[in-house]
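Enquirer: Sequences listed follow chains A and B, in order. The first sequence begins at 143 in the working numbering and counts up by one. The second sequence begins at 822 in the working numbering and counts up by one.
Keep in mind that the hints were calculated from the coordinates and are not lab data. Honestly, I wouldn't trust all of these hints.
[Said to hold, decoys possible] Cβ-to-Cβ under 7 Å is the rule here; a few derived chain A residues that face chain B:
| # | residue |
| --- | --- |
| 1 | 296 |
| 2 | 351 |
| 3 | 429 |
| 4 | 430 |
| 5 | 431 |
| 6 | 462 |
| 7 | 497 |
The beta carbon of each residue, even a glycine, is placed where N, CA and C say it ideally should be.
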Amino acid sequence: MRLEMGTFPVTDIAFGRTTRYDAGRLTVDPDAVLAAVRQDPRIASAALEIAKPGESVRIWPVRDVIEPRVKVEGPGVCYPGICGREIATVGDGRTHRLAGMGVVEVSSVNWHDAGGDFVETYLDMSGHYGEMYPYQKLLNLCLVVEPDSTLNEEVKNYAVHKAALTVADQLGEAVRALTPPERESFELTPVDPKLPKVVYIWCVHSPQAMSGSPSAFCTATYGLTQLTPPWYLHPNEILDGALTGPYRTAFAMSWTVANNPLFLDLYRRHGRDWNFLGVISLRTEWTTQTEKQLMANQTAKLAKQLGAQGAVVTWDAGGNEFIEVVRSIQACERLGIKTVFLTSEDDATDGAPTMLEPLPEADAIVSTSFFKNVTLAVPEAPAVARVIGLPTRKILRGSTIGLHAGADGTIPTKGPLPPPWRYDDHYGFGSLSCIE
Amino acid sequence: MISAIYNFALTTGANRVIRGARIEHVCGDPTLSPEKDYAFGMRIVTTALQTLTIAVPGPTLFDPMAPEAAHAS
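Based on the provided sequences and hints, a complete structural model is requested.
Expert: Set out below in structure tokens:
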């Protein structure tokens with residue numbers, strides 16, 4: 143499986159009469175792009191707005207950030223399976239991507255009713271809070287989209303995420319026939335047999351236990367979000383979007399998964415520093431001890447069968463999901479596979495461990511700092527000049543970021559606002575780490 | 822402590838740990854009929870209450886579905 147990735151850096155973005163890419167400048171025809179979105183009868187309203195780095199702009203709320211990618215040669219489509227897209231195995235041929243930009247999915251649609259999973263991630267294009275995330279540096283094309291209000295939550299999620307992917311597809315088409323300014327080839331070539339064999343165990347949350355949803359939202363593998371046994375994925379499949387966001391933390395967007403620096407570094411150093419075997423993707427939030435242990439055992443077995451001598455482990459969630467993650471590490475170590483775990487830490491109030499279940503086998507850990515913004519003492523985000531998205535936020539039954547509603551049950555999103563409660567950098571984008 | 826993730830409850834030092842069903846329904850099972858679900862939940866809660874009368878040397882697991890539910894397993 144060989145993939146050539148053609149990169150088209152975007153240095154400016156503007157609305158115009160045709161959608162086209164010219165020497166870094168992306169012109170977007172909003173009428174044509176929105177016409178494609180509105181072909182879906184489930185969409186009630188859709189609008190496009192541009193947000194640039196440094197502007198006094200807040201995007202509220204952010205459901206996902208997507209990097210436009212288009213399959214130019216080889217089977218399938220980028221971001222396969224999700225929202226009804228075709229599921230041919232991807233990773234072969236040639237793919238073009240628009241780098242330095244994001245399509246931001248903005249909508250009032252919530253993930254689901256259970257578990258307080260409100261969509262409260264937002265993005266400031268200037269200021270301290272926004273600087274903590276990679277998306278503030280991007281040129282962002284925001285799709286503000288609302289579905290037919292009579293649909294159920296599942297279908298609403300499906301409709302608005304499909305709409306954002308449609309926008310990304312429209313932009314990708316603009317560079318399909320062009321010659322990419324930058325090219326890079328990705329292939330798991332045979333390497334020096336003396337190099338250590340390393341696998342990446344990439345744990346991703348499943349919403350199934352909380353929502354019952356099989357497919358419409360959250361991190362998806364070829365569109366599937368349900369609790370499934372561990373998958374082996376060729377790294378080229380990841381590059382074509384076989385694993386795609388979003389989840390409720392700001393570091394679990396489709397863009398973040400596609401640009402995961404840990405994954406890309408593992409791949410680019412294949413043949414030089416190690417023999418990269420590929421990705422084992424473990425679904426998390428199994429809901430019995432037995433299931434959690436079974437998944438840990440099977441993940442380690444799969445790694446061993448692949449011949450792994452080392453494993454790098456990440457996860458994208460919190461709470462009880464730590465059990466199957468840390469027990470996968472334990473199971474690997476017991477099979478003789480050395481592990482390194484990249485994770486954010488819980489707060490250590492009253493001397494509590496910053497890991498839910500600190501097992502002795504997990505003895506090589508890279509911290510990306512505390513996952514709670516309150517622990518990091520992130521200051522309130524100041525008021526902004528413009529909000530893209532919803533002008534007010536209705537407070538229903540509590541808030542994960544500590545919002546307090548006025549007398550009418552709403553607050554203006556223009557701010558000032560507390561930052562969302564979670565920071566957790568899952569993949570090492572930032573430079574924060576533990577306090578010694 | 823009634824917990825579906827009972828190993829974790831044991832390692833964090835809870836003295837009496839009662840095995841629950843699942844994280845999303847610790848003391849019940851929606852696949853059962855209402856009557857059987859009630860009996861299932863009662864068995865877990867009753868076991869939990871009974872363990873309060875039992876001296877334990879340290880973190881100990883009790884399984885409500887075991888024949889001798891109120892004895893340490």
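Enquirer: Report the numbers of all earlier hints that the structure fails to satisfy, in ascending order.
Expert: Violated: hints 1, 7.
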